[in-house]
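Asker: Sequence:
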Amino acid sequence: MLNQIIAILISVLLCGTLLVSANPAASVEEQRRAISLPDNFLSPNPFCIPMLCFMPCPCGSYRDHRGCGFQSIGNEQCCTKNGQVYSITVQPNESIEAELILISVEDFLLPLRTYLPLINVEDLSQASKSQSALCPQRELRIVLINNSKKLYWQLDLRYNVTLDNDIFRVLPSSLTSFISSSTSIGPDGEIELKESFSFKINFVPTKSGMYRMFQKFAEKVGSGAIGCEMLKNFAMMGIGCEKNGTVFLTDMDSIEKSNLNRQFLFRSSDISQMKSKVAAEAVRKMNPNINIDAYIDPVGPETEHLYSDDFFEQLNGVANALDNVKARQYIDRRCLYYQKPLIDSGTMGTKASVQVVVPFLTEPYSATHDPADASIPMCTLRNFPNLIEHTIEWARDNFEGLFTIPAQQVEEFIRDSNQFAKRISQCNTSADKNEMIENVKQILASERPKTFFDCIVWARNIFQKQFYNNIAQLLYNFPLDHVTKTGERFWSGNKRCPHPIEFDVSDKTHLDFIVAASNLIAYIYGIPQVLDHSKIASEVVKVKVPNFEPKTGVKIHENDEEIRAEMEEQSRQSVTTSNNGEEEIKEILAQLPKADKIRDIQIHPHEFEKDNDTNFHIDYIVATANLRAENYDIETADRSKIKRIAGHIIPAIATTTAMVTGLVCLEVYKLFQGQKNIESYRNSFANLALSFFSFSEPVPPTRKKVKINLMYKFE
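Residue numbers (this note's numbering): 9 to 723.
Hints listed in this document are in silico derivations from the structure and should not be mistaken for laboratory results. One or more hints might be untrue.
To be verified - Each pair of labels, with its calculated beta carbon distance range:
hint: 1; residue 1: 542; residue 2: 316; range: 54 to 60 Å
hint: 2; residue 1: 316; residue 2: 571; range: 42 to 48 Å
hint: 3; residue 1: 317; residue 2: 541; range: 55 to 61 Å
hint: 4; residue 1: 602; residue 2: 310; range: 30 to 36 Å
hint: 5; residue 1: 292; residue 2: 356; range: 27 to 33 Å
hint: 6; residue 1: 549; residue 2: 617; range: 29 to 35 Å
hint: 7; residue 1: 430; residue 2: 408; range: 40 to 46 Å
hint: 8; residue 1: 347; residue 2: 266; range: 34 to 40 Å
hint: 9; residue 1: 449; residue 2: 701; range: 55 to 61 Å
Stated by the list, open to error - With a cut-off of at most 27 Å between alpha-carbon atoms, the simulated DSS-like pairs for lysine-lysine come out as follows:
hint: 10; residue 1: 359; residue 2: 552
hint: 11; residue 1: 503; residue 2: 649
hint: 12; residue 1: 458; residue 2: 543
hint: 13; residue 1: 449; residue 2: 473
hint: 14; residue 1: 618; residue 2: 285
hint: 15; residue 1: 240; residue 2: 293
hint: 16; residue 1: 458; residue 2: 552
hint: 17; residue 1: 348; residue 2: 251
hint: 18; residue 1: 251; residue 2: 293
hint: 19; residue 1: 503; residue 2: 651
hint: 20; residue 1: 441; residue 2: 559
hint: 21; residue 1: 678; residue 2: 251
hint: 22; residue 1: 348; residue 2: 334
Here a beta-carbon is modelled for each residue, glycine too, at the ideal position from N, C-alpha and C.
Given the sequences, and given the hints that come with them, work out the whole structure.
Answerer: What follows is the structure in structure tokens.
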């Protein structure tokens, strides 16, 4: 008997086939002892467990099982999750052949314990479900009858989800339909046959089985170009359509006109509405069965009370549709913490990429970083531009410095003057402290306009300062014939010698600057705006500006090294000369306007918005960039180019978006299948302009060893 059992085990391990001869005259218990595997057969070591043999199904995975080539059972077909059939064949002469094979644990984990003979079906039961949706414990017990004596053929489904009753429906009738009605079964259980027969245990996907495993799949964050495509694909795939399934969507942006050409879930009538709400409604029209919850709150540290532990624990996966690296890294940290799969994707024109992050299988998104974008040297922006991109970037910073940052600082000062003074005292350099103090003093006192004509005067003075006085001062410090210490001409190479611009009301660019600047400053103070160019032109000619007088002792840096050296010196001086904290705060407050005099002032900072053509934001940047380009004899640019560069607009191509979301959904299917091999997943990189497509295996995570003894303490 021992030799027989050893031979059986060797046969299973080497060739995957188990042939057992059972004596039908023997008692049930004797038969059990004859062929039963050891009690420790269901070893905790998953790599030495024999598995049920799989016979490939020609219909493939997840296709309509009605087109399969196997014999039909009622209206169903003999397909499992992977389009395969489990079978046990009963041969003549009372021999039973159970086909077994050792299969990689990452594919399936179905430890087999079988008791013979197998005659008929009594019932079908399943153990209680586990709490984890990704790693449930299942025990499918098929109870068979041999003349009123119960024998058991059992599948223990630990560590896998393939037979989740919510995903696959077992057909009990399939266990008997292959036993012919003419089959003669003797009183002791012997089978009298002339031909072999077989019965198959068929696991048929339910109507929605292919996506039930990911019953809650969250798309976070975004319903932009990629988000719209992804939502459409999810709806067509049936994700979130079961009773307990949900797709969570969040996007804090509203729909703008520029979105309509690539974000196809939106229409002109949806402009100014919230993206997530409109996208959810559009997807429900595509698939009324989808369960989708739309949020308008951003995902970040400030909303962790909303996207809490309970929220993340209920998810089965996350799909990013984000447009910035910082948000991607935050989502990656959250998914890493909660051990949730993440699929990240992005596009840039014709370029696209997909990265798959599977807990304990691949490296996280934040493990690698793209090289930093080449930045424009600070001295080039400030004093020596030579490209239109330089003047556009300068105009963008100039907008923030005039209409956003000072007004925000004044708002903070009005709200809590003591807290604002404390923040000033914490600045690293005296230059930063003085700048914040001057911003508040100018907006609340010296430069505070009362009428729109005051706004025109302010705009005219800004024009004179930026495009005449500052350039004249630069030429005073570095005349046209100026030479460096090495004897080379200073104004050579990339350094373009500038020239001041005299204001000319008949010049369209000049007048556009005055119109935009005066209306922007009027908005900050709540002064009614004036849109009539001719009226503004008639008023601006009345403004008298003082003549330029060069200043001595003005330091203009020639390169970034000089700028960094000065900042380091100021930082050191700030540390050595800083007063007691409370005394310094009192000194700062003494320089600022009194709180009782500004309590009723309402300040409205500008937040740059590129897609609103009526707010003068792009108008100001276009005029400023082209005027500075005129200063340095740089070719000017049209409005669309300046808007694209200043707004960091990268054209989104619908073809690229459709392709990349298709690749995302392929990886989603792999997650549905529970693939545990890193070789099954692919990171994707494509450039449609070059017909370039690259697919690489994800990088495994970094593994570290930690030695722990009984006295080890984690802190």
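Asker: Give a verdict on every hint.
Answerer: Right, here's what the structure says about each hint:
no., hint, verdict
1, 542 - 316: 54 to 60 Å, "holds, 58 Å"
2, 316 - 571: 42 to 48 Å, "holds, 45 Å"
3, 317 - 541: 55 to 61 Å, "holds, 57 Å"
4, 602 - 310: 30 to 36 Å, "holds, 33 Å"
5, 292 - 356: 27 to 33 Å, "holds, 31 Å"
6, 549 - 617: 29 to 35 Å, "holds, 31 Å"
7, 430 - 408: 40 to 46 Å, "violated, 23 Å"
8, 347 - 266: 34 to 40 Å, "holds, 38 Å"
9, 449 - 701: 55 to 61 Å, "holds, 59 Å"
10, 359 - 552, "violated, 53 Å"
11, 503 - 649, "holds, 24 Å"
12, 458 - 543, "holds, 18 Å"
13, 449 - 473, "holds, 19 Å"
14, 618 - 285, "holds, 23 Å"
15, 240 - 293, "holds, 10 Å"
16, 458 - 552, "holds, 18 Å"
17, 348 - 251, "holds, 22 Å"
18, 251 - 293, "holds, 18 Å"
19, 503 - 651, "holds, 26 Å"
20, 441 - 559, "holds, 23 Å"
21, 678 - 251, "holds, 23 Å"
22, 348 - 334, "holds, 19 Å"
The structure does not agree with the numbered hints 7 and 10 stated previously, though it agrees with the rest.
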